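Colleague: Chain by chain, the residues:
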Amino acid sequence: MVAYLPIGYAIALSFVKKTAFSPVTTFSGLRNYRLIVEEPELWGALWRSLVFTAGAVVLQLALGLVAALLLNRAFRGRTFVRSIFVLPYLLPTIVVALVFQWLLNQEYGVVNQLLLESRLLTRPLNFLGGLDTAMWSVIATSGWQYGSFATLLILARLQAIPPKLYEAAKVSGAGPLRCFWDVTLPNLRTTLVLVALLRGIWMFNKFDTIWLMTRGGPLKATETLPIYAYRLAFEEFDFGMAAAACTVMFVILVAGAVVYFRLFDPSREVEVGR
Amino acid sequence: MSLNRRDFVKLTAGVTGAAVAPQILARRASAADKNRVVFVSEESNPKAIAVYEKINADFEKETGIKVTMEYPGFANIAKRVATLIAAGTPPEIVWYGAGQAMNLALEDQLVDVGDLVKALGVADNQRMIYKGADRSIPTSQQFVYGWYRKDLFAEKKLEAPKSWEDYLRVAKALTDAPRIYGCIVPSAETGASTLLLETMFMKNDVHWFEWDAGKKQYEVSLDKGGNRKRAIETLDYLHELHKFSPEASNYNWGELMSTYVAEKAATSWYVGARLLEQVNANNARIADATVPFELPRKLTDHYYLSIQGFHILEKSNVEGAKKYVRFFMQHPSLIAWYHAVPLHIIPASREMLRSSKYQDHPVIQKRMDVLKFLDSVWGKGVPLYYWDGKELNPHIGLFHNENLAGWTLAARNIKGMKAEAVVDEAANQVRKKMRRAS
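Line by line, the protein sequences are chains S and D.
Numbering (numbering that gives the first Met the number 0) for the first sequence: 0 to 273.
Numbering (numbering that gives the first Met the number 0) for the second sequence: 0 to 437.
It is worth saying that the hints were derived from the structure and are not from the lab.
Please read all numbers here as calculations on a predicted model, not as lab measurements.
Here a beta-carbon is modelled for each residue, glycine too, at the ideal position from N, C-alpha and C.
Be a bit skeptical, because a hint or two may be false.
Here are the computed lysine to any residue pairs in the SDA-like style, where the Cα-Cα straight-line distance is at most 25 angstroms [as the list claims (entries may be wrong)]:
no., chain 1, residue 1, chain 2, residue 2
1, D, K78, S, L114
2, D, K263, S, P162
3, D, K432, S, A11
4, D, K223, S, V1
5, D, K356, S, L114
6, D, K78, S, N186
7, S, K16, D, K171
8, D, K414, S, G28
9, D, K78, S, F249
10, D, K431, S, V1
11, D, K171, S, L124
12, D, K432, S, L114
13, S, K16, D, H301
14, S, K16, D, K432
15, D, K149, S, L102
16, D, K223, D, K314
17, D, K263, S, A11
18, S, K16, D, L105
19, D, K78, S, L130
20, D, K432, S, P39
21, D, K314, S, P22
22, D, K78, S, V23
23, D, K414, S, Y88
24, D, K431, S, L124
25, D, K78, S, L124
26, S, K16, D, P393
27, D, K432, S, R30
Calculated from the model, a selection of chain S residues having no Cβ within reach of chain D, i.e. all distances over 10 angstroms [claimed, not checked]:
no., residue
28, P22
29, L34
30, L86
31, R122
32, C178
33, W180
34, R214
35, L218
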């Protein structure tokens, strides 16, 4: 009931005309879906959701992989450094958003200050307010915050790779790059796919980071589907259309999950991963 | 996807429960408690809350009616009211802007408060009338006006701008980017951009709508005739002014104050005197040099007027709510409520503004120049819902609440679209939203 009730209610709401300030609910059939599909905003938001999801997931995987490879080496204070790497994931999003807003601020931000002092810029950049920079700024923030989630999982898997595989590769004359390509990556495949799926779903639904940093702006440059749905519900007060937008998001995610299960049979992947 | 029988039963029960539960709740809650008043207030300043507590305790002692307060804050009050209505438990009273409350009136959720409006002697230009009845009891108001650094102006032998040309000239003279800027033109999809554009539209007599006497309804007029010409002129003017402002593509209320307080701007503007309060609190060194000025006129002296007040909801304890509002407005502590943020929330009544008991406050005494300024611009402000005609314009939410006006400014200043294209696109957006709403 706990799982189905909100989903069922949201889907039911998408078939009615319901505004915020009236208790009256009128059945409207597919009207909300027809209106929403005709809105260019929906397609723009969908595209930006895909860009944000792809960018954030790729960055998280890249940062996570590099960090995990470094942390898998033996060095003094390794346990301490590993615990430091988990910290961003433990921070509340509001803290991360406020810190990055400050770092990236045009007038008094540290990033602009450093870039100006090192003469890489001649005048400060409005990272969060720029049409070309806002999306990359929120992607970078999400990459920093959630890269450590990927680090954790990848590191756990790295530690489970039998050392004899590396020894055999070295005996065969493989260098570090060859070892990484032929031993590490194949063994990480399952984990990387799993992380990509989970982070992909979470990033596609991500609302808080973007809302807190840019509120979907400037000029909708960072308005993803969750923010579009929020605007419909709480700025236009049209709950029916907002529910239709959420249902569209839900269908896209279900379709993505189905494709995933078809392409990467989880039970087979677990077997391979062992 | 296949469902087994168990899952299907769960799913069906869930959907049915979701559909039925609100109806049941609504029926249970339909009978309002005569001994209770739920009051949702936008003002959550600790000093104001202390006054509410005092008045509420006195009210309960006198009438036996308990007042339950909620303080969801400016950003969440509309959502909270919507939730309470959806749950079938509307609050008795909501205190916030009449422009926001208009959404409730349009859904027939506000009762006629004409008796209170008459008894309290509300001025005609502060009333909000829908379907022939008063829907708002004004308590206070806020004007949109500018603030400037008198010391910096004096250094350059400049005076407060009186015309658009003046404003551009002083903004240019005071700009030494990126150290300091001459003005702030927020150009984002935010409330601040929206209000600046709407005020400057008023200054140049631009209307989004016009009253069609034949059809007895408002029609979009932004992209028609003289309106279009003046709208384009206003956008191009703000585009010029923006050259002497920080880039401001993500500026909202906070940035209007913080940029000025941090001495990165020689002028700013705000709705009310909260900017001065922030200067006093965070950079007292420039407090005495911070003085108000009227945003310059082009064709008119009008500005965006925000009126706050009490709004009483249908299907609630209406009699209890009316008793409370009357009690509140006549309580001796009312003056302390106005003093919660001195000079920011100004009384709805000019007599009150000019009264010695209102002026008897150290901040007001120290800044009588601000009070005199407020008195001098009194009556020039117009609430947006009456800007386009004598009838209440029910469509303002289409461009005001959704920040379409903010988009308009951002599209010109940040995206660099031609003013002509921006105006036409904005008008078409409003028409599209009207079709959708109907």
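Colleague: Hint by hint, work out which the structure violates, then give me just those numbers in ascending order.
Modeller: 1, 2, 4, 5, 6, 7, 8, 10, 12, 13, 15, 16, 17, 19, 23, 24, 25, 28, 29, 31, 34, 35
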